[in-house]
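Student: Chains as they are written, first to last, in numbering that gives the first Met the number 0: chain C, 0 to 271; chain V, 0 to 290.
Just so you know, the hints here were simulated from the structure itself, not pulled from any lab data.
All residues carry an ideal CB built from backbone N, CA and C; glycine is no exception.
There's no promise every hint is true.
[As the list claims (entries may be wrong)] Have a look at the derived ranges for each label pair, beta carbon to beta carbon:
| # | chain 1 | residue 1 | chain 2 | residue 2 | range |
| --- | --- | --- | --- | --- | --- |
| 1 | V | V80 | C | S142 | 45 to 51 Å |
| 2 | C | A259 | V | I277 | 29 to 35 Å |
| 3 | C | P241 | V | A177 | 54 to 60 Å |
| 4 | V | A107 | C | T175 | 48 to 54 Å |
| 5 | C | P63 | V | A138 | 39 to 45 Å |
| 6 | V | A184 | C | S142 | 19 to 25 Å |
| 7 | V | F135 | C | K122 | 50 to 56 Å |
| 8 | V | A184 | C | W251 | 31 to 37 Å |
| 9 | V | T123 | C | P63 | 35 to 41 Å |
| 10 | V | A177 | C | S37 | 32 to 38 Å |
| 11 | C | D200 | V | F135 | 44 to 50 Å |
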Amino acid sequence: MGASPAKLVARDIVVEYWLPRSEQLFTAVDGVDLEIESGEFVAIVGPSGCGKTTFLNAVDGLIPIADGSLTLDGVEIRAPGRDRAMVFQQPGLLPWRTVLGNIMFGVEAQGTMTKSEALQRAKQQIEVVGLQGFEDAYPLELSGGMQQRVNLARALLTDPEMLLLDEPFAALDAQTRELMQLELLRIWNRDRKTALFITHDIKEAIYLADRVIVFTKRPGRVKTEVDIDLPRPRGLRVKRDPKFVAYEDQIWDSIQEEIAAKPERLLAGTPG
Amino acid sequence: MSIKEIDRVLPATRGETTRTRQYRSAVKPKRWKRYEAMVVGTVAVTLFLVLWQGVAVANQTAKWMPALFLPSPSDTAEAFVKLFTDPRQNIWADLGTSGFEFATGYVAASILGLVMGIGMGWYTRVQYALDPFVNFLYATPRIVLVPLFIIWFGIDWQSKVAVIFLGALFPMIINTMAGVRNTDAALLRVARSFGAPEMLTFRRVVLPGAVPFILTGLRLGVGHALTGVVVAELVAARHGVGKLISDFGTTFQTPKMFAAVIFIAGTGVLLTWTLQRIENRFQTWRPQIKS
Chain C
0 MGASPAKLVA RDIVVEYWLP RSEQLFTAVD GVDLEIESGE FVAIVGPSGC
50 GKTTFLNAVD GLIPIADGSL TLDGVEIRAP GRDRAMVFQQ PGLLPWRTVL
100 GNIMFGVEAQ GTMTKSEALQ RAKQQIEVVG LQGFEDAYPL ELSGGMQQRV
150 NLARALLTDP EMLLLDEPFA ALDAQTRELM QLELLRIWNR DRKTALFITH
200 DIKEAIYLAD RVIVFTKRPG RVKTEVDIDL PRPRGLRVKR DPKFVAYEDQ
250 IWDSIQEEIA AKPERLLAGT PG
Chain V
0 MSIKEIDRVL PATRGETTRT RQYRSAVKPK RWKRYEAMVV GTVAVTLFLV
50 LWQGVAVANQ TAKWMPALFL PSPSDTAEAF VKLFTDPRQN IWADLGTSGF
100 EFATGYVAAS ILGLVMGIGM GWYTRVQYAL DPFVNFLYAT PRIVLVPLFI
150 IWFGIDWQSK VAVIFLGALF PMIINTMAGV RNTDAALLRV ARSFGAPEML
200 TFRRVVLPGA VPFILTGLRL GVGHALTGVV VAELVAARHG VGKLISDFGT
250 TFQTPKMFAA VIFIAGTGVL LTWTLQRIEN RFQTWRPQIK S
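Whenever a hint applies, use it, and build me the whole structure from the sequences.
Tutor: Shown next as structure tokens:
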């Protein structure tokens, strides 16, 4: 790619699970090869169960890779680190903590800030994600969309080099999802952090990303990459742009090829 | 209203009056429904007491069986008052003894149960090591150990504390362990992803989440501990409420015996109710089983 080395470099990543019930090794990701440039927003789409979330977990350092090399800024990824922050599919908020307390949990866990500094920054972060007036609300009092704002704010407060997003809007209703996509782009546009976004929603991927990577069916590897040449900032109307629709068709065709292909082996209840 | 009717909405009929319409509406609950449980419960208990009084009085006049077989509620109430006012009775010495035994055994069991429950919940190996002992002792009726404790610790408070302690210990261990084990896996993943050290994960994620379970353990422990007090004292004791009941029984003072039994039951209900109220305040974040 460019002259400067990429932010995230994944070379021939293999991730395997041991299945206790069938006593077999199960390959979830088999030879993923990709690079993400600094400041780039990349989305990965693929048929369900293709290993895209597994790959993201490996990038976060939550699960070990069996083979290949995975580096962020040239440093090998072995465990979760301060240079990455994850926005989870399930909000994962502490029910006994207020919005403010939950937003601070990430930096508290990392131990990088004093409490007063964290509190002050968390209050700023609340403005950024649009949760003013809900500082002292508890997660159970919030809607799904608002919970995901907290989830996002918690990750952003740690000021990571790279933001990892694991289908954060998948559980939201269609309208809230669109709104949150718009919000995410608005927030991302402030400092344009390198971002890796996992989704099964093709439109969401095109709308958000600079580049969409399509995974093959299980075991997952990169099938195609599509550069999304749509101007930023993007409003929701861009989704009806003929160019947008063309991207959608292209990616959908690619995924359909995968679904139509004869499955190698189907194992029920295996992690995607 | 039965459970089946909760969702029933009666269809509106054309031409009916507002009043009828409101009556038929299932949306707005009737005000008295809030007190329904209390009212029905009170009525049932009152009916029971009246019936009991009737049978007892009839028995006393007709002499079907000796009056001491069945003291009436009024006899029991009278005995209850006498129990607390008669200076010869010296009930406070017995209450003091039982209260002290209860408090000592219960507090000790709560502390050790908490520590063991956390240890067994957090460290699998600790659980593997202690599980056989916990299962064995939990399955043993603690009552059968009373004679042994009397041999070991004598008939004074020490043997009672031992029984109470063993009674309250297991609900505490088992519930605390369940609370620690039930920690939401998603929350643990979040903590791990942000690189939280083990101690921080424990203090900020696991322990607060286990609070509702710990409170349940404390509540269930009360019942076991109270049983322990009375039973241990029934077997052999110098003072205590259990000893009192035993004395009343062997001397055929049934009204006083009834009064003492009701006193113990009342204590149990009151303590359990208090702990249940505290528990309810924490219910909202008991980890839900997600589908």
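Student: If you check the beta carbons of V80 of chain V and S142 of chain C, does the distance land in 45 to 51 Å?
Tutor: For V80 of chain V and S142 of chain C the Cβ distance comes to about 58 Å; the hint is violated.
Student: Should the hint that A177 of chain V and S37 of chain C are 32 to 38 Å apart at their CB atoms be regarded as holding?
Tutor: Because 47 Å falls outside the window, the suggested range is violated.
Student: Per the hint of 50 to 56 Å, is the separation of the Cβ atoms of F135 of chain V and K122 of chain C within bounds?
Tutor: Taking Cβ atoms as reference, F135 of chain V and K122 of chain C lie about 54 Å apart, which means the hint holds.
Student: Could one say that the CB atoms of T123 of chain V and P63 of chain C fall in the range 35 to 41 Å?
Tutor: 21 Å, violated
Student: Given the hint of 54 to 60 Å, is the C-beta distance from P241 of chain C to A177 of chain V inside that range or not?
Tutor: Roughly 58 Å apart at Cβ, these two residues keep to the hinted range, so it holds.
Student: So the hint says 29 to 35 Å: do the beta-carbon atoms of A259 of chain C and I277 of chain V match that?
Tutor: 59 Å, violated
Student: Does the Cβ pair A107 of chain V, T175 of chain C satisfy 48 to 54 Å?
Tutor: 52 Å, holds
Student: Is the gap between the beta carbons of A184 of chain V and W251 of chain C within 31 to 37 Å?
Tutor: 34 Å, holds
Student: Does the beta carbon distance between D200 of chain C and F135 of chain V stay inside 44 to 50 Å, or does it fall outside?
Tutor: 55 Å, violated
Student: Lying within 19 to 25 Å: is that true of the beta-carbon distance A184 of chain V to S142 of chain C?
Tutor: Between A184 of chain V and S142 of chain C, where Cβ atoms are some 23 Å apart, the hint holds.
Student: Between P63 of chain C and A138 of chain V, does the C-beta distance stay in 39 to 45 Å?
Tutor: Distance hint for P63 of chain C, A138 of chain V holds at roughly 42 Å.
In summary, the numbered hints that this structure violates are 1, 2, 9, 10, 11.
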